[in-house]
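Enquirer: Here is how the chains run, residue by residue.
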Amino acid sequence: MRYLPLTDSDRQSMLSAIGAPLIDDLFSDVPADKLLKEPVDLPHHQAEMLVARDMRRYANQNLGAGDAAFFCGAGAYRHHIPASVDTIIQRGEFLTAYTPYQPEIAQGTLQYLFEFQTQVARLFDMDVANASLYDGSTACLEAILMATRVTKRSKVLLSGGLHPHYRDVVRSMTRFTVETIICNDPVATQDAPGSDTDWLKTTVDEEAACVVVQYPNIFGHIEDFSQLADAVHSTGALLIVVVTEPVALGAIKAPGAMGADVVVGEGQGLSVGLQYGGPYLGLFAARKKFLRQMPGRLCGETVDAEGKRGFVLTLSTREQHIRREKATSNICTNSGLCALAFTAHMALLGEAGLKKLAHYNHSRAVQAAERLAAIDGVTLLNDSFFNEFTLQLAGDAEAIVEHLAQRSILAGVPGARIYPERTQLKDVLIVCVTETVQDEDIDALAQGLKECLA
Amino acid sequence: MRYLPLTDSDRQSMLSAIGAPLIDDLFSDVPADKLLKEPVDLPHHQAEMLVARDMRRYANQNLGAGDAAFFCGAGAYRHHIPASVDTIIQRGEFLTAYTPYQPEIAQGTLQYLFEFQTQVARLFDMDVANASLYDGSTACLEAILMATRVTKRSKVLLSGGLHPHYRDVVRSMTRFTVETIICNDPVATQDAPGSDTDWLKTTVDEEAACVVVQYPNIFGHIEDFSQLADAVHSTGALLIVVVTEPVALGAIKAPGAMGADVVVGEGQGLSVGLQYGGPYLGLFAARKKFLRQMPGRLCGETVDAEGKRGFVLTLSTREQHIRREKATSNICTNSGLCALAFTAHMALLGEAGLKKLAHYNHSRAVQAAERLAAIDGVTLLNDSFFNEFTLQLAGDAEAIVEHLAQRSILAGVPGARIYPERTQLKDVLIVCVTETVQDEDIDALAQGLKECLA
Amino acid sequence: MTELSFLNSKGRPTRSDEGQGDARFTTSTGHHGLDLEEALIFEIGTTETTGVDVPEVPDVASRLGGLERLEPIDLPGLSEPETVRHFTRLSRKNYAIDMGLFPLGSCTMKHNPRLNEQMARLPGFADIHPLQPTSTVPGALGVMDELAHWLKTLTGMPAVTLAPKAGAHGELCGMMAIRAALEAKGNARSIVLVPESAHGTNPATAAFLGYKVASIPATQDGRVDVAALKDKLSEDVAAVMITNPNTCGLFERDIVEIADAVHAIGGYFYCDGANFNAIVGKVRPGDLGVDAMHINLHKTFSTPHGGGGPGSGPVVFSEALAPFVPRPFVLASEDGLELIEHASEQEADTSFGRMCAFHGQMGMFTRALTYMKSHGADGLAQVAEDAVLNANYILSQLKDDLSAPYAGPCMHEVLFDESFLKGTGVSTLDFAKAMIDEGFHPMTMYFPLVVAGAMLVEPTETESKASLDEFIDALRHLARAAKAGEDRFKGAPYFAPMQRLDETQAARNPVLSYTPPDAAQQAAE
Amino acid sequence: MTELSFLNSKGRPTRSDEGQGDARFTTSTGHHGLDLEEALIFEIGTTETTGVDVPEVPDVASRLGGLERLEPIDLPGLSEPETVRHFTRLSRKNYAIDMGLFPLGSCTMKHNPRLNEQMARLPGFADIHPLQPTSTVPGALGVMDELAHWLKTLTGMPAVTLAPKAGAHGELCGMMAIRAALEAKGNARSIVLVPESAHGTNPATAAFLGYKVASIPATQDGRVDVAALKDKLSEDVAAVMITNPNTCGLFERDIVEIADAVHAIGGYFYCDGANFNAIVGKVRPGDLGVDAMHINLHKTFSTPHGGGGPGSGPVVFSEALAPFVPRPFVLASEDGLELIEHASEQEADTSFGRMCAFHGQMGMFTRALTYMKSHGADGLAQVAEDAVLNANYILSQLKDDLSAPYAGPCMHEVLFDESFLKGTGVSTLDFAKAMIDEGFHPMTMYFPLVVAGAMLVEPTETESKASLDEFIDALRHLARAAKAGEDRFKGAPYFAPMQRLDETQAARNPVLSYTPPDAAQQAAE
Ligand SMILES: Cc1ncc(COP(=O)(O)O)c(C=O)c1O
Ligand SMILES: Cc1ncc(COP(=O)(O)O)c(C=O)c1O
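Protein chains in written order, with the numbering used here: chain A, 1 to 454; chain B, 455 to 908; chain C, 909 to 1433; chain D, 1434 to 1958.
Honestly, the hints are just simulated from the structure, not real lab data. Just to be clear, a hint being listed does not mean it is correct.
Capping the alpha-carbon separation at 30 Å, the derived lysine-lysine pairs in DSBU-like fashion look like this [to be verified]: (1) 609(B) to 1618(D); (2) 37(A) to 1373(C); (3) 780(B) to 1663(D); (4) 37(A) to 1060(C); (5) 488(B) to 1665(D); (6) 1120(C) to 289(A); (7) 1120(C) to 326(A); (8) 488(B) to 1916(D); (9) 1585(D) to 491(B); (10) 152(A) to 1060(C); (11) 1663(D) to 488(B); (12) 1138(C) to 34(A); (13) 1645(D) to 609(B); (14) 743(B) to 1645(D); (15) 1060(C) to 34(A); (16) 780(B) to 1618(D); (17) 780(B) to 606(B); (18) 780(B) to 1645(D); (19) 743(B) to 609(B); (20) 1916(D) to 1832(D); (21) 606(B) to 1645(D); (22) 326(A) to 1140(C); (23) 1120(C) to 155(A); (24) 491(B) to 1898(D); (25) 1373(C) to 1307(C); (26) 1140(C) to 155(A); (27) 1665(D) to 780(B).
Coverage of chain B stretches by chain C, computed from C-beta distances (three or more under 8 Å per stretch; other residues unrestricted) [stated by the list, open to error]: (28) 497 to 506; (29) 537 to 546; (30) 592 to 606.
Note that the Cβ used here is the ideal one computed from N, Cα and C, for glycine as well.
Given only the sequences and the hints, what does the whole structure look like? Please build it.
Expert: This is the structure in structure tokens:
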């Protein structure tokens, strides 16, 4: 076996050095009747070439975004990730390192984590960011749990614009521990501006630990929530803002500037791509006063014995390996490599690149939205949006999406896919237009919709 | 531009530090009328994503071997190259280093070159190997030129089994400097065993600098040339053996063991794959007595000022940068990275792996040959072969290959492709079967040939 | 700042002539040959620089609703050459498996095959969207289904979820299912029993779900004290969480008895499967009475998690817990594979719900499946055997120079304690740091908590005998040096890119993001 | 061997307490933190070990004609983990562009964009066979044709061949065409004129073709002495080979006059285009009277050539030489692109023939074209401007501390000589080695031959101003240290993985492949 360095004669000589006649003597603590006598019923080892063939066969069955006109978003965004980013994360010293528990020989990891935290904090306009969580949804959950710890309250209000999967994660994972989760109904139109916000403003009260909004929201709407923040703060609750598409923040106001207390997000779009949903990158940032209640690892600056600047994991007394059942979270392994990809991509973009990328996304989305809205049977439901908008179709959106997929047009995410229980969202389609969308893709989608709705 | 770190303000401040008002002041030595006033007529810079799209479009127009039933060889062999080999050559410290002229900070490169030389020498059973040349054909040319220098003779005999492209390279590149190049006719059948060898034996004389044979030869035949070696040596000439498929040497006798003086070869099959012909890897090994007449770089062992073992480029007095017009060759840049891939792959294989791989290739080729030879209208022309054999078809081989290619069967190399001038080779097909060929591929070829010949 | 000569032109300190012995003179750059210093992005980049070319922005009326971000973000950029160099230089300050033995107990730092990386990057895996029609991704469902089959077969368990994103997330998943099962029976109960040797995630997970954690002591021979455990069992105990092989590197001999006892009071047996590498292909947890167990694909199945992640923590379940698995999951039906994302309207919904935004760590599934297929059933058993053999070999060679609290045989990792250092003045930490000088990553230190100054050594099966011998020699040499009173421990490491870092300062005055020197100064004033 | 304590358990020497100052104690492994020693494959592998799984060999009657290789080959193998580690460790002993400034004059060590690597690895490029039907590879011909178009447009030349495998091979190609053209006119002539500043490949190439080389001196200002050149021109001169910009980093002001003079005697002007990076997009060699010029794709167009290759050396030709281009080449006809591999039976065959087995360095074509499209016409001109700007900036900042034999402006590289070291006892070599300690790769030394102790510095356009400033500071510091008599040059480098190597011993007693110690001993006896 190519991954096993021991030869049979090594094994023999090692066994005799140990004084064990047989390898199974080393398994003597296993109840004899439980030790398998022969390999389990699975295929035996295979040449690299043949394994690759098997796996390629699977891969070839899937319609990759690069082979389609591609408009899916709704929590996972397809951006072009520079080739050098992948090169960087494949450096063996990064790829095959562990959590930087030995800072003298882990400054590479530690420094990029420090850079990552700085980038995230600046992007969100927050004081401190952690070194990553699993994904946006679990970051959202952790933010809520932190709010319940900080406020010692047990009621949570969720905006109807929050990604329904995030909503579900929050509901599922708090069902045994948080008293009340109230979620507003999703509204795809922006006709009644602020109705969700108004509901949140009027519903928030002294029992609420936090209010959670998404920005841009699941339908692509963007709304100023400065006033909401005031209302929330006046009750002593925290305002948590979820950002599933951080590229937006190159174009629109930072959540921190509008009064958010905690900002969480999903960083996959800028780091590791689509990958059918994972691994992704949970972003978590907060005001400094919540520092000691934050979940996850933190990397901090210090000096070594010679006075040279260096970095270490710090404030670990919040964490499970020190605090055990009193920890702020049970998280251990996080998304380190994805954070590296994010850091490298953000370094490549810089402020100038990020802003241009964001504005390019927006302009392309506007072009596409106008083009599509002009089709008979298509109504644009957004007043404002970044790179994602929602269309009302004169027909079942899921069926249309399925139909167009057969023509290699991945038209977007139909309401029914994420809101199967809401028949009023059956005909809506959430369409995302990033920089990867070409004119010919928009043409194909417009043509396809036209035909489906004719 | 993403690859240019200078900002406009950097440029301004540097110009003023230099004291040049305008950038074109630095081009003042260029005749004013020759300095272009505007960019040449080519497209302007493009986003990475768009460049990738352009290049992918080209790539997608080609039928990759992985998407076909693939049987081409004739000087370029498709072997499975382990994923780790490519990882290794993409290490920035290897990929973006230069020729190891500063040994204190180039031991990584130097040590692998030393390992490479050792592997090549052992594989060929020769005393010394150099640090690579461009490809097998130029290695063959260099060997012949070395033979003329060593023997001070100017007549060269080429076997009819030598790859015709190698023959052409030798003919073209020696036309102004070597008096006589005699090349035997190619014979695809092995009916008259040794007829080519007999011709070489009888033709070699005291004027000949060298005799060049290929092993296995272009038609896949393998022949013992120990007796030829004796005959050649008795005239004072050198026997040069060309190996285009080094995997064979895991199964068949080493050229060195049969009396070769110089062994050259093509290493692409074990290192960098097909790549439509380049970059490839020229292998060059010889008996020690020719060391100071060898072309190309040599890496040698030494010690540093502390007595620690290390490696350096050595015997450079043979080379152009020291010896200029008296150099043994004009080569400078060689195939360093390809040599690294070869070294890493050979380290992975080891003797056990190489032998098994070679025997696997051979057995699969035998299976395929027998299967194909059973088809009406197909005759196997080889008695012995390694992983490549020649079929006589009852029809125009090039037309059949072209026809099968439309069905994604790359059936092999037809005689006419490499011997357009030889009508007697119009109906032969050179078929190569490596470990990458699956049963279903052989089925497809057998079926295809059957249909074409029906 | 009195000694300006130690600062280079950028104000970065260079190595002093004192301190580390290697500086016979001061370099002006602060670099030393191939040891290159590297400043922060925020110190070398500018907000005008970019390493990305974006096409010209079409001129259309903005629809940002008046929310344009006008304030500077203060995110400096680098050109591509600078970026590659920045991260290459940083990487060179890391130790990694690719460089040498990484004997971090409990972490299974094995070789990460590069084929897995290639496969995960095939566009058919890497470039598909979690919400594109499932009809367009049969291959993705196929991978998930085949991976599930391998995991179920290897563990002998009837059900599995792939959703959890790491081991701790898997624990959460397993314990959620347990709590859901108990609630379905009408009583969630309130206590979870956890051995004192357990990993911190176990008690943290139990607490996350609102359970009280009761600790179970270890016996003299490093196992769960079964009598003490039975003592604590009651109708209020929801579950026991036991790691097997445990964190002392030992197989819990009484595991079946424990499982039976827990089941007898109506509780569940959660097994922490972080150490599955020791028994994969040799023992099936399903045969031991386990109700739920997470598997760290990033340990046993070699998916890389550089710098702390990502992981992937599928959980296998017994029949009793299977109805409670989270969504989404892949269901094999007559029409092929189906992805179940939502509660069905027809059937009763027993799933405890959703754990993460999408379907789990697909990128890790492709890698792990590639790895499994490479090894096969035979190779995986060999993995376990070699892992165990390597650990026992180390134990046999070092038990006289170091001190092993528990007699062998051990499983895939071997535990030493600090008693061999008694009287030397050298601590476990010092000893570990001295290993860095010898070219090794230290072992896990001070964990598990059941022995004093624990040193938990897990070589994994991907080390050669030569590599183990070098490691053994070095540790033996260090142990003797410590006993001989050699002065190379307190200040260790001496040869690393940095000397020991001041962790107290880091925690006391947390600096968690970059502040430019003048801003920092202003803040201090 | 008296001092056995300096040998580790493998008999490899560890660093001594004397020697380099950094060893305050001896490590037992010979490793020092992240500086890891690594033995040869032949010392760590075994012939039974393999890192490759080959399927079982089917049992068929062998047809090897009785030529089975029965003797051991003696090729040790390594498992995959050991292989990855071996080469990772080795790589870490290298300096590279990815790590820092690599100012190797004449070598154009610029950033190698990783997009190029990705593109070259697309199966549609990487996995196609040179002899599969051309009807199945239109995209490959398309790349070759588009690359040819870019090269012709950038150089203003009507023809190009892509066949040559490196710069020197390109020279051979160009000179073959020249000789073929002359022979076609009936007289091959016998002399080629080459300036004394020329790269060694120039005279070596001329000699390869049987020409006598006559050297032309340089003027005081570092250019070809036109008068001397004209003196040497005769009907027996086949060609002049001139590098422009030349190897002193200067543009040959009289280039048109030289071309005219050569043409006037019926000779040809071969231009060595290794330094095309200085003028790409700014000047077209075709406007200067060039007849043939090679272009190093591995320099100007950024294809990586780690450790010394591979390169790629397309040659552009004037109308006069175009008929003689080697085969194969791509021809655009009405039916699309055609690959011409053989002499046509219809037309007269003027091509000088074939230079290599297949069609040239396809893997480099995809990379170079990717790079060209990335930069575009505008970006390439900016490349030249920034390359020239960077070199002149270095000249302006260092001319007072170092000594520049020729006044600026220079082109893309700047030449210093040893005169600033006069009386210091420090040689160009010492100075260069001291740069290693400061974290830089040395510049090209002792080339060109026209100045004493040459130091040829080529920063390339992919260095930032900050990087240049650090370099300038370091060189200034070193120059002052040398003048101040500081003792850090003769033994330099001190901080590299190795101290200076004994090149004399290497050449006197060449050991060019591994011999096991006992075999070596036997041989010595
Ligand atoms: C015994 C044990 N349990 C649980 C975990 C947690 O796994 P993860 O880090 O993947 O969340 C670990 C990992 O460190 C572990 O060693
Ligand atoms: C001026 C000059 N000419 C020719 C060459 C030869 O090019 P190559 O090394 O690609 O053969 C070089 C490369 O070092 C060079 O610098």
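Enquirer: Decide, hint by hint, whether the structure agrees.
Expert: Results for each hint:
{"no.": "1", "hint": "609(B) to 1618(D)", "result": "26 Å, holds"}
{"no.": "2", "hint": "37(A) to 1373(C)", "result": "26 Å, holds"}
{"no.": "3", "hint": "780(B) to 1663(D)", "result": "25 Å, holds"}
{"no.": "4", "hint": "37(A) to 1060(C)", "result": "18 Å, holds"}
{"no.": "5", "hint": "488(B) to 1665(D)", "result": "27 Å, holds"}
{"no.": "6", "hint": "1120(C) to 289(A)", "result": "28 Å, holds"}
{"no.": "7", "hint": "1120(C) to 326(A)", "result": "11 Å, holds"}
{"no.": "8", "hint": "488(B) to 1916(D)", "result": "43 Å, violated"}
{"no.": "9", "hint": "1585(D) to 491(B)", "result": "18 Å, holds"}
{"no.": "10", "hint": "152(A) to 1060(C)", "result": "41 Å, violated"}
{"no.": "11", "hint": "1663(D) to 488(B)", "result": "23 Å, holds"}
{"no.": "12", "hint": "1138(C) to 34(A)", "result": "23 Å, holds"}
{"no.": "13", "hint": "1645(D) to 609(B)", "result": "22 Å, holds"}
{"no.": "14", "hint": "743(B) to 1645(D)", "result": "28 Å, holds"}
{"no.": "15", "hint": "1060(C) to 34(A)", "result": "16 Å, holds"}
{"no.": "16", "hint": "780(B) to 1618(D)", "result": "28 Å, holds"}
{"no.": "17", "hint": "780(B) to 606(B)", "result": "15 Å, holds"}
{"no.": "18", "hint": "780(B) to 1645(D)", "result": "11 Å, holds"}
{"no.": "19", "hint": "743(B) to 609(B)", "result": "21 Å, holds"}
{"no.": "20", "hint": "1916(D) to 1832(D)", "result": "15 Å, holds"}
{"no.": "21", "hint": "606(B) to 1645(D)", "result": "19 Å, holds"}
{"no.": "22", "hint": "326(A) to 1140(C)", "result": "21 Å, holds"}
{"no.": "23", "hint": "1120(C) to 155(A)", "result": "22 Å, holds"}
{"no.": "24", "hint": "491(B) to 1898(D)", "result": "26 Å, holds"}
{"no.": "25", "hint": "1373(C) to 1307(C)", "result": "17 Å, holds"}
{"no.": "26", "hint": "1140(C) to 155(A)", "result": "34 Å, violated"}
{"no.": "27", "hint": "1665(D) to 780(B)", "result": "21 Å, holds"}
{"no.": "28", "hint": "497 to 506", "result": "holds (count 5)"}
{"no.": "29", "hint": "537 to 546", "result": "holds (count 5)"}
{"no.": "30", "hint": "592 to 606", "result": "violated (count 0)"}
Checked against the numbered hints above, the structure violates hints 8, 10, 26, 30; every other hint is satisfied.
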